[in-house]
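Undergrad: Those sequence lines, one after another, are chains A and B. First residue of the first sequence: 1, per this note's numbering; consecutive thereafter. First residue of the second sequence: 704, per this note's numbering; consecutive thereafter.
Derived by calculation from the structure, the hints in this document are not laboratory data. A few of these clues could be false.
The calculated lysine-lysine pairs, modelled on BS3-like cross-linking and capped at a C-alpha distance of 30 Å, are [what the hints assert, rightly or not]:
#, chain 1, residue 1, chain 2, residue 2
1, A, Lys396, A, Lys37
2, A, Lys171, A, Lys581
3, B, Lys754, A, Lys681
4, A, Lys117, A, Lys177
5, A, Lys681, A, Lys700
6, A, Lys416, A, Lys513
7, A, Lys117, A, Lys581
8, A, Lys542, A, Lys14
9, A, Lys513, A, Lys502
10, A, Lys37, B, Lys728
11, A, Lys581, A, Lys502
12, A, Lys396, A, Lys513
13, A, Lys681, B, Lys728
14, B, Lys790, A, Lys681
15, A, Lys177, A, Lys62
16, A, Lys513, A, Lys37
17, B, Lys792, A, Lys681
18, B, Lys801, A, Lys668
Cβ pair distances, simulated, as ranges [claimed, not checked]:
#, chain 1, residue 1, chain 2, residue 2, range
19, A, Arg675, B, His729, 41 to 47 Å
20, A, Ile703, B, Ile783, 23 to 29 Å
21, B, Leu772, A, Val695, 29 to 35 Å
Ideal Cβ placement from N, Cα and C applies to all residues, glycine included.
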Amino acid sequence: MNNFLQAIDTLTIKFALTAVLLPLLAFVFNFLLPGRKSKLAGWVSTVAILFSVVLSVSVFAKVWNTGHVVHQQVIWFTIGNTVVYAGVLLNNLSVLMLLLVSVIALPVHIYSTAYMKHDGNINRYFAYLSLFCFSMLALVVVDNLVLFYALWELVGFSSYLLIGFWFTRDKAVQANKKAFIMNRIGDIGLLTAIIIIFIQFRTFDIDSLFGSGNLMSYSGVHDGIWSLWHNLPINVRLIWPRERLVQLPSMLQYIAFGGIFLAVAAKSAQFPLHTWLPDAMEGPTSVSALIHAATMVAAGVFLLARVYPLFNDAELTILAVVGCFTAFMAASIALTQTDLKRILAYSTISQLGYMVMAMGIGAYTSSLFHLVTHAFFKCLLFLVAGIVIHQMQHIKEDNQLDIDPQNINNMGGLRKKLPFTFVVAVIGALALIGLPLTSGYLSKDGILIKSFEWTGGRSGILKVVPVIALLTTWLTAFYVTRLIVKVFFGELRLLHIKPGIKLNLSDGNWQYKLPLALLVLGCFFPLFSTNFLVYEQAWIFKGLPNAGGLERDNVYHTLVPAGVNILSILVMYGAYTIYIKRRNNPFPQKGVLFNLSFNAWYFDAVYNKVIVEPVLLLCRFAFWFDRRVVDGLVKRIAKTGIALSKLADWTDRHIVDGFLHLLVAIVKGIGNFARMFHGGKVQYYLFSMLVVILVLFILKIVI
Amino acid sequence: MISLTDFLMVSAALFCIGLYMIVSKHNAIQILIGIELMLNAANLNLVAFGKYDSLNNGGQMFALFAIVLAAATTAVALAIILNVYKKYKTIDPDRIDKLRD
Numbered sequence: 001m002n003n004f005l006q007a008i009d010t011l012t013i014k015f016a017l018t019a020v021l022l023p024l025l026a027f028v029f030n031f032l033l034p035g036r037k038s039k040l041a042g043w044v045s046t047v048a049i050l051f052s053v054v055l056s057v058s059v060f061a062k063v064w065n066t067g068h069v070v071h072q073q074v075i076w077f078t079i080g081n082t083v084v085y086a087g088v089l090l091n092n093l094s095v096l097m098l099l100l101v102s103v104i105a106l107p108v109h110i111y112s113t114a115y116m117k118h119d120g121n122i123n124r125y126f127a128y129l130s131l132f133c134f135s136m137l138a139l140v141v142v143d144n145l146v147l148f149y150a151l152w153e154l155v156g157f158s159s160y161l162l163i164g165f166w167f168t169r170d171k172a173v174q175a176n177k178k179a180f181i182m183n184r185i186g187d188i189g190l191l192t193a194i195i196i197i198f199i200q201f202r203t204f205d206i207d208s209l210f211g212s213g214n215l216m217s218y219s220g221v222h223d224g225i226w227s228l229w230h231n232l233p234i235n236v237r238l239i240w241p242r243e244r245l246v247q248l249p250s251m252l253q254y255i256a257f258g259g260i261f262l263a264v265a266a267k268s269a270q271f272p273l274h275t276w277l278p279d280a281m282e283g284p285t286s287v288s289a290l291i292h293a294a295t296m297v298a299a300g301v302f303l304l305a306r307v308y309p310l311f312n313d314a315e316l317t318i319l320a321v322v323g324c325f326t327a328f329m330a331a332s333i334a335l336t337q338t339d340l341k342r343i344l345a346y347s348t349i350s351q352l353g354y355m356v357m358a359m360g361i362g363a364y365t366s367s368l369f370h371l372v373t374h375a376f377f378k379c380l381l382f383l384v385a386g387i388v389i390h391q392m393q394h395i396k397e398d399n400q401l402d403i404d405p406q407n408i409n410n411m412g413g414l415r416k417k418l419p420f421t422f423v424v425a426v427i428g429a430l431a432l433i434g435l436p437l438t439s440g441y442l443s444k445d446g447i448l449i450k451s452f453e454w455t456g457g458r459s460g461i462l463k464v465v466p467v468i469a470l471l472t473t474w475l476t477a478f479y480v481t482r483l484i485v486k487v488f489f490g491e492l493r494l495l496h497i498k499p500g501i502k503l504n505l506s507d508g509n510w511q512y513k514l515p516l517a518l519l520v521l522g523c524f525f526p527l528f529s530t531n532f533l534v535y536e537q538a539w540i541f542k543g544l545p546n547a548g549g550l551e552r553d554n555v556y557h558t559l560v561p562a563g564v565n566i567l568s569i570l571v572m573y574g575a576y577t578i579y580i581k582r583r584n585n586p587f588p589q590k591g592v593l594f595n596l597s598f599n600a601w602y603f604d605a606v607y608n609k610v611i612v613e614p615v616l617l618l619c620r621f622a623f624w625f626d627r628r629v630v631d632g633l634v635k636r637i638a639k640t641g642i643a644l645s646k647l648a649d650w651t652d653r654h655i656v657d658g659f660l661h662l663l664v665a666i667v668k669g670i671g672n673f674a675r676m677f678h679g680g681k682v683q684y685y686l687f688s689m690l691v692v693i694l695v696l697f698i699l700k701i702v703i
Numbered sequence: 704m705i706s707l708t709d710f711l712m713v714s715a716a717l718f719c720i721g722l723y724m725i726v727s728k729h730n731a732i733q734i735l736i737g738i739e740l741m742l743n744a745a746n747l748n749l750v751a752f753g754k755y756d757s758l759n760n761g762g763q764m765f766a767l768f769a770i771v772l773a774a775a776t777t778a779v780a781l782a783i784i785l786n787v788y789k790k791y792k793t794i795d796p797d798r799i800d801k802l803r804d
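Only chain A is shown next, with the shape it has when bound in the complex (with noise of 0.2 Å):
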């Protein structure tokens, strides 16, 4: 029976490793793809990710809710007395992102055939994009801490890759160092906290950490030490290799949280790292969907839900007044944002920090939860905004003119030209804004209900965080209904400036089409749930732990809907009447208010004044030491050597060669001397003669 279970877990694992390599495989093939365009990459891809999804719904039916953790590993490598394990990890949360991140990547991956036909690098496109799948399908079921520090890295490498697609424009080019460079602050956490991990407890396996083994929950602070409890249970004891119980100062632990905490706002785009998500949108649109939107951003909060057990009750509640405040923030900007993409960029971070929020105030599942339906419509808005800045494009380049695509000042009307994206675009929005029926509704009132129940018996400033996230469902609602009225509501604005425009419209072809029908089905209860009111009988509260459990006990489980809904359905009332009378402008331009939301709270200008300036200031002087100091002493070596060398030179030329001519010289002169005596001149030999021998007789006399 034994050996059966075994040999199954083993097919289970190789499923899982094959949907993971799949797009490995794809990246490979299509990077060694001759050209730059070509058809085949796009289906070489596409085709990879629908044999992922296939394989992850076999892995999740095989693993969701049996209560059985499917986990294999083979030893990795050894230094000293450490053993480093690589593996794979399936339990419930590892299943249900393998199957989110292959269901969401195949729809991408289909409209990308389409939607990027026209580009001159498709090939470089779709590589990019199945090294994405890749690392964030690896990076789900991994499990340990180094490989999942290494898929991290590689997650924020495509995606900087991704974002930078377009490498000649500048924008694109700021946009991608800016992402990369915030990633990297979050790295730096990550590692440091996967250090500090590693010092206490002499594992990096996840499973022993945060899983089954849990060490995490025996050990605590107590007096300023951080340490493990002095009595583990005997199944403890067996997979902890450590023997004895090292006492570390309680500050690491904090550090550790510190750590994890940057490494989730960097991913998942929190304050106070925030800022590079809406600079991202200058990717292609389709990438915008799958990562920024998505599933990456989602990386983040899937690694709080994996390290969850870390946190103690201060943390939590500063992720929770965290996750609150960019939310608020975030939906507060997305108010009065005109470029289409950057709406939607602030409505992701918004709805990320409810995800933190809800991780914070211990809504576990109803935060992953929220991940899954948020990744669906999100991903479904953000597509639909790729069509319209196509067909925005399209009227530009018909026309000439010279417009923004992405300003939704310029758009409206699309409702009758567009009639496919626009149902599927409000069902979309209906979802974002959390209205019954729609799977928003039930993710985001588990969230909102307990926020509610978390203030029971805390002190009065935290009071306020539902309070906040109330206000910003109402935001969202807000904004929400402003984008979709002014895009697709009214009549087509260009045609109030330029009257004689040609319009050639369309929804395009089956490639559009078809991942729009895939993705609003996610939109709809029913996948999730079989009652449309109540949340709690969502299937996925079933297979992940529920702390404080599902009853309904008090009164908010009915008030907090209600409300929700009612005032949302009043604010999109108010909005829409605001914004179907077809002036750009309603609200004045102006104020310290406006001016604060619409330059994004001012944060990159403080970024900038604080941060980059010195930074660049600190480079220019390292480069000005560099260039004057560093460089100046090695040309003054270089010029000293010039010298010398020609002192040699000289040398050398003129006396050392100089004796040897001088000789030369001698030689010769005598030689000429000598031959001087017979040149052939028979008389001249003989008057020599004379002259010798009468020098003689002189001489002779003389002496």
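Let chain A serve as the given structure and place chain B on it in line with the hints.
TA: The following block gives chain B in isolation, referenced to the frame of chain A:
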């Protein structure tokens, strides 16, 4: 009375004239004449000193012998000069310098 010294004086003058001719003349035949003059200066000395060998007259004999030899060598020299002239169309010894260098 002609003394030995006078002979020697004439002989020295002859010798010097001959030597000068040899060194300075541009004509091979004139040089040959110079050689003859020097030989005759020597002969004159031989004859002059032959006074002290009146028994054997060795000086006179040797002078005769030298005259004969001189005639022979002059003949040979003239022949050489003729041949040189044939080959070089000149008898100026300064121009006949094919052997130099």
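Undergrad: For every hint, state whether the structure bears it out.
TA: Status of each hint after checking the structure:
1. A:Lys396 / A:Lys37: The given pair, whose Cα atoms are some 25 Å apart, holds under the 30 Å limit.
2. A:Lys171 / A:Lys581: Measuring from Cα to Cα gives roughly 34 Å; hence the hint is violated.
3. B:Lys754 / A:Lys681: 40 Å, violated
4. A:Lys117 / A:Lys177: 26 Å, holds
5. A:Lys681 / A:Lys700: 29 Å, holds
6. A:Lys416 / A:Lys513: 16 Å, holds
7. A:Lys117 / A:Lys581: It is violated: about 37 Å lies between the C-alpha atoms, which goes past 30 Å.
8. A:Lys542 / A:Lys14: Holds, at about 26 Å.
9. A:Lys513 / A:Lys502: 24 Å, holds
10. A:Lys37 / B:Lys728: 103 Å, violated
11. A:Lys581 / A:Lys502: 24 Å, holds
12. A:Lys396 / A:Lys513: At roughly 23 Å apart (the allowed maximum being 30 Å), A:Lys513 and A:Lys396 satisfy the hint.
13. A:Lys681 / B:Lys728: 12 Å, holds
14. B:Lys790 / A:Lys681: With Cα atoms ~17 Å apart, B:Lys790 and A:Lys681 stay inside 30 Å; holds.
15. A:Lys177 / A:Lys62: Violated: A:Lys177 and A:Lys62 sit about 41 Å apart, past 30 Å.
16. A:Lys513 / A:Lys37: 23 Å, holds
17. B:Lys792 / A:Lys681: 17 Å, holds
18. B:Lys801 / A:Lys668: With Cα atoms ~23 Å apart, B:Lys801 and A:Lys668 stay inside 30 Å; holds.
19. A:Arg675 / B:His729: 41 to 47 Å: 23 Å, violated
20. A:Ile703 / B:Ile783: 23 to 29 Å: About 42 Å separates the Cβ atoms of A:Ile703 and B:Ile783, which means 23 to 29 Å is violated.
21. B:Leu772 / A:Val695: 29 to 35 Å: 31 Å, holds
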